[in-house]
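There are 2 protein chains.
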Amino acid sequence: MVDEQLKRFRSSIDNIDAAMILLLAERFKIIKDISDYKLEHGLPPMDPEREQEQIARLRQLASTADLDPAFSEAFLRFVIAEVIRRYESAVDRP
Amino acid sequence: MVDEQLKRFRSSIDNIDAAMILLLAERFKIIKDISDYKLEHGLPPMDPEREQEQIARLRQLASTADLDPAFSEAFLRFVIAEVIRRYESAVDRP
Chain X
1 MVDEQLKRFR SSIDNIDAAM ILLLAERFKI IKDISDYKLE HGLPPMDPER EQEQIARLRQ
61 LASTADLDPA FSEAFLRFVI AEVIRRYESA VDRP
Chain B
1 MVDEQLKRFR SSIDNIDAAM ILLLAERFKI IKDISDYKLE HGLPPMDPER EQEQIARLRQ
61 LASTADLDPA FSEAFLRFVI AEVIRRYESA VDRP
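Those protein sequence lines, which keep their order, are chains X and B. Going letter by letter, the first sequence gives residues 1 to 94 in my numbering. Going letter by letter, the second sequence gives residues 1 to 94 in my numbering.
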């Protein structure tokens with residue numbers, strides 16, 4: 001049997017995870033729009049300079065929120081890797 | 001020069017990423033509380049059954065939000081791996 005305090009903690013974790021999943025869903029919708037827009041306007045799919053700026057900004061934000069900046073960077077890289085994976089599998093498809 | 005439409009898209013991505021970083025910061029605070037609470041009450045640090053429930057729930061939520069369920073699972077596993085890494089390095093420390 002799980003005790004009441006542990007249940008409360010877990011309910012908060014579940015709410016936060018649900019919020020993050022919904023934000024990720026929204027993020028991928030916008031990424032799809034960006035990807036279509038870039039294709040339409042002949043813009044390169046990736047922009048390493050932009051990526052560096054995003055990482056620097058999130059590391060800074062993580063610091064102020066008391067989150068390990070290295071984790072925030074790993075997190076963004078994880079999400080970007082998924083974006084690239086989807087882009088590549090979309091391009092491979094005829 | 002980045003065009004205005006691309007700037008708008010990117011600003012949305014930046015807002016979403018900032019929100020996720022703040023949620024992650026909050027999540028890790030609660031994980032710290034859970035970890036302290038479990039230690040104090042002699043509860044085991046990990047709970048594989050709970051983890052399976054979390055994954056199933058997030059996959060379901062991802063489906064309804066039009067996000068790839070496999071990605072939502074990979075995302076949760078990524079976050080849990082970080083939790084375990086922190087737990088282990090905390091235990092290793094004297």
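Source of the hints: derived by calculation from the structure; they are not laboratory data. Remember, it's a predicted structure, so these values are computed and weren't measured experimentally. Please note that the accuracy of each hint is not assured.
Any copy, or any two copies together, can satisfy a pair, since identical chains are not distinguished.
Said to hold, decoys possible - Here are the simulated BS3-like pairs of lysine-lysine, each with C-alpha atoms no more than 27 angstroms apart in a straight line:
{"id": "1", "residue 1": "Lys29", "residue 2": "Lys7"}
{"id": "2", "residue 1": "Lys7", "residue 2": "Lys38"}
{"id": "3", "residue 1": "Lys32", "residue 2": "Lys7"}
Consistency of the hints with the structure:
1. Lys29 to Lys7: Classified as between: cross-chain Cα gap 16 angstroms, same-chain 33 angstroms, threshold 27 angstroms.
2. Lys7 to Lys38: between (46 angstroms within a copy, 12 angstroms between copies)
3. Lys32 to Lys7: Answer is between; shortest inter-copy Cα gap is 15 angstroms, intra-copy 37 angstroms.
In this structure, none of the earlier numbered hints is contradicted; all agree with it.
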